[in-house]
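Take these sequences, add in the hints, and give me the full structure.
4 protein chains.
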Amino acid sequence: MKHRVGIVGFRGYSGAELVALLDRHRHAEALLMEHRGDAGHESGLRRPKGPKQVPATAEAVRAEKIEIVFLGTPAEVSMELAPVMLDAGTRVIDLSGAFRLRTPENYTRWYRESHTQPALLAEAVYGLPEFCRERIPGARLVANPGCYPTAANLAIRPLLEAVAIDRAAGIVCDAKSGVSGAGRKATLKNSFCEVTENFAAYSILNHRHVPEVLMVSGLEEREFSFTAQLLPLDRGILETIYFHATNGATAEDLLGIYAKRYANEPFIRLYKAGHVPDLRAVQRTNFCDIGVTLDPATGRAVVVSAIDNLTKGAAGQAVQNMNLMLGLAETEGLL
Amino acid sequence: MKHRVGIVGFRGYSGAELVALLDRHRHAEALLMEHRGDAGHESGLRRPKGPKQVPATAEAVRAEKIEIVFLGTPAEVSMELAPVMLDAGTRVIDLSGAFRLRTPENYTRWYRESHTQPALLAEAVYGLPEFCRERIPGARLVANPGCYPTAANLAIRPLLEAVAIDRAAGIVCDAKSGVSGAGRKATLKNSFCEVTENFAAYSILNHRHVPEVLMVSGLEEREFSFTAQLLPLDRGILETIYFHATNGATAEDLLGIYAKRYANEPFIRLYKAGHVPDLRAVQRTNFCDIGVTLDPATGRAVVVSAIDNLTKGAAGQAVQNMNLMLGLAETEGLL
Amino acid sequence: MKHRVGIVGFRGYSGAELVALLDRHRHAEALLMEHRGDAGHESGLRRPKGPKQVPATAEAVRAEKIEIVFLGTPAEVSMELAPVMLDAGTRVIDLSGAFRLRTPENYTRWYRESHTQPALLAEAVYGLPEFCRERIPGARLVANPGCYPTAANLAIRPLLEAVAIDRAAGIVCDAKSGVSGAGRKATLKNSFCEVTENFAAYSILNHRHVPEVLMVSGLEEREFSFTAQLLPLDRGILETIYFHATNGATAEDLLGIYAKRYANEPFIRLYKAGHVPDLRAVQRTNFCDIGVTLDPATGRAVVVSAIDNLTKGAAGQAVQNMNLMLGLAETEGLL
Amino acid sequence: MKHRVGIVGFRGYSGAELVALLDRHRHAEALLMEHRGDAGHESGLRRPKGPKQVPATAEAVRAEKIEIVFLGTPAEVSMELAPVMLDAGTRVIDLSGAFRLRTPENYTRWYRESHTQPALLAEAVYGLPEFCRERIPGARLVANPGCYPTAANLAIRPLLEAVAIDRAAGIVCDAKSGVSGAGRKATLKNSFCEVTENFAAYSILNHRHVPEVLMVSGLEEREFSFTAQLLPLDRGILETIYFHATNGATAEDLLGIYAKRYANEPFIRLYKAGHVPDLRAVQRTNFCDIGVTLDPATGRAVVVSAIDNLTKGAAGQAVQNMNLMLGLAETEGLL
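Residue numbers (my numbering), protein chains in the order written: chain L, 1 to 335; chain E, 1 to 335; chain C, 1 to 335; chain B, 1 to 335.
Which copy is meant is left open, because identical chains are indistinguishable; a pair holds if it fits in one copy or across any two.
Pairs of lysine-lysine, DSBU-like flavour, derived with a Cα cap of 35 Å: (1) Lys185 to Lys49; (2) Lys2 to Lys49; (3) Lys260 to Lys189; (4) Lys272 to Lys189.
I should point out that these hints are in silico values taken from the structure, not numbers from a laboratory.
Here you go:
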């Protein structure tokens, strides 16, 4: 018997990735949950196949015995649907930013709108398994992390825990993302002719993913400079992270810290000293690849952290959380 | 003293190309004519430079003594603005499909809407200088040709005139265009993630540019199979044209026909037998490049015709028409 | 117990795709067979994983009890290695053009070099399962089809068998391929800056894949005009095929012919009349997608056939052939 | 009478850009100087046009009365050709790294080979007009700056001069370049399939352009962390530069420093506070665009500096230097 799960927002890029990942999952079966305004895109195939489709309602949750609902919806829709779904007796993994921060005040500061579900915000568990694994199995509502913070926190936090970063000098995180990170919607900014052969920075120093890094890493805002940038490609995030290492640490020392911290982590891969991942290494995988370059004479260090924004940065991590919540092997359907 | 011309739709890709071309023109000066609904895009530059901006009205035409107005607008807007501008005493070069066909019936068949200016439709001169040059200088209203028909007619008509094509076997025109041909607007279909690493055919056998080819070449619809296809790149059109040559003609024979017909044409370039242009050869130029490959044993011929859809396929050809209308050198600003 | 198979040329694009496909195969296990001159590319990963590596020798075939060797090598290397491997008692699936044509004379005409293994050429079975399935299980040497001919033959042959194409008017096949079809090697022609934002035709009317279409479809050379073109993207082939339908056939009639012929084929998907596939539909799958548009007034038909050149056009079809040769389910590892 | 100049390496990307720029120049005429090993690329055009071609020899320099020779050649070839050309009585603008650094020792450290022309190295003038303008007109040998250092120095040096950067915290320069920056040669690393949809860092902390930044800005190596990264696009460099501003400076304060320093510079454009350039803004121009974002609460600043690597980063700046050397208007042929 497969566990039944539902996907709201299945036509978006993260939602479609969820559909694809769950199609290969041995112990879960996905239902597509149609929400208002999701204009249908007719397949030209003579015999289109695909999961069963039901409305995104409490009734459907009960009738279909859906155990977990994935919300691949904008934050404001997630704030509206999450309580409905939870009340219907299912559990929720939300892929939006609605439930990631801890307080309504912080949410309002970064998202520039008020939070309508403060109680759920307080209850939600942040779904970064490498650092929050113990709380996920029992959670009713999991806030799937943002794509940028996933790559950043996995690279930064182990070094901060080991006091290997000179925090006084600050950390720079120069992040680059493929266009699918902006979601599947028609905007001039994301139209082909505006993006191809172009490269642009946006939300410099005030991207709404910054507070997730501060929350997980414990950094102060003044210690962390973050720029998001749009690559002319479909999928993948690569972050180039600059800092000064403490106490004469070498690249090998930093890699040793990662190796120890992530010894049992199935989705973290490390590179030899002086080698770093490119996007190709992680596309269409749930891995976070990390490499370290360090100048021993001065302690200047550059860490490169790469993920696929639709997999480890969204749908893949959501399936990882689902596996934990359902008591399945964490890697099921993801290797 | 420079001639003053106006551009409506200057934020679209063709309009912006017009602005850029006229910026380098020694005898014309462009004014930007703001039309309703053209939401402004603020430049981030501290000291943005650019042409003077006026409303797209009859008053502005008279006050600024504008001699020619370019309409880089959708067909329905061109049908509305063209009579207004002409009544204000200026001349018009329309880049839309509004005035290209000869009868309202034909317009309705291919554009699926009725034509509101049949008298202007009858008056308009088709602005393909290589075949309609004598009528352009005296025209009040020039219909700038479509991008696909420009490349197709320049390749096909000389061979038909010379009876070098076996019409009974038909002509196939397999056309590929960059995305800027679809205009500057936000649509899911033209969004980066849908286009990159993809290739798709559309409007197979019923593209609205087909009647322009029939009109200029004299082909019957049954003799001409046309498919438009979207390339994952910004600009350029390449058409691969298949037919059977008559009477044992060789590639050199066909090239000789072109060479004779286009002996004095500044914007047609021919390739050696067996060589054909790629898109790179014509991008950001007003050239139409033509190459011929032919199998002498069977008479099967392949002609490749390439233009830049925004230059010879739109703004460049419009400037070429403007030069003719103003009595300037035809190549001014275009080489 | 898994069947053991070997891959020579595992660093090329087709070879690497084979490695990836076989990694997901439940009943086969791949060994990498190192051939001279394959300069190694060191992984930067700290703990690189991957299949066992052995030399590409008869000794290794025997020692490792390899049942099938895939040759992802250039034709001249395949002509050298195939007899060595066969003599060592294994079977061979060759992905090059070395063994696809029937006679040394035909090979010499299209490949412009002499064939050194005429006996093997005569013995080889052409590995297009949809049309040669019965001979593949017993074959010692399977010639995996070319990418272009696979898409062309699957679209053309059923209609020819059903006499639905007016052969007198000829068939045009305008083919477009991603760059990976050219193999993984450093050439200026395939360098990024030459390909991006460009589109170019090559081997017009004389591509070496043409004889495979003639061989499988039974067309005469004079009836078939073929142009190969390079798309600025990684993977995928889309062919736009033009002909005149016989006897007033409709798009539905042609689709009916396909549906009947391919009723039991797991890797052919058909589209509704007037709908055609884009590349996205088939990338990273082993499907060949086929759609039909037809103008009933004139009988002009356009068929679009799309495959992934590295999957159904190379490695995927090779695994399909392997499954048949090993008596496994034909779709194993491919859905 | 036009000045006659010669271009060695005219088939490379920088060389071809020089040819194109000089074709539009009113007071200079380019000759193509063929150097050994430059395999010719035959044009398919029936009547190819282009500059006169001569050998890259002292004799040709004298016979053609060439006033300036551009060397668009690798550093080792420039070291060989520069003395030959200078001895023939012409002046030289070298686009390679051969003559940019001040000492043979420094050259050897970063380029890992010995310098064969130390006297010329000592004589050469660094051709960054915004900071070295007075020495360029009288120079015999101008070392055209590297692309990355041009964008970096133009952004960094005015702020260092004005003591607006907290040097103790260090400066991070995260640089991204289009592929044409790697030159026109066939390498697997720069082949289309390896680059498209990919993004990769290289030469982290030890790129050979670093010493040019140290030399011009006066920074110590420990104060400057630099990473070069390859964008999947043809041309353009964008550098995201992080530092802490001193003394509570605002974005407007930093912009004021630039505005004052660059008041008379024709090729520097500034953005409003909080706005930054994208690559599109500078492609195919000789501009360096600079924008500033700054968090006043913490002093964290991000400066974005963008150029076209083939124009301001190579051929355009070379023409700018040529104009200065010939006593022409500095902007001639560049606006």
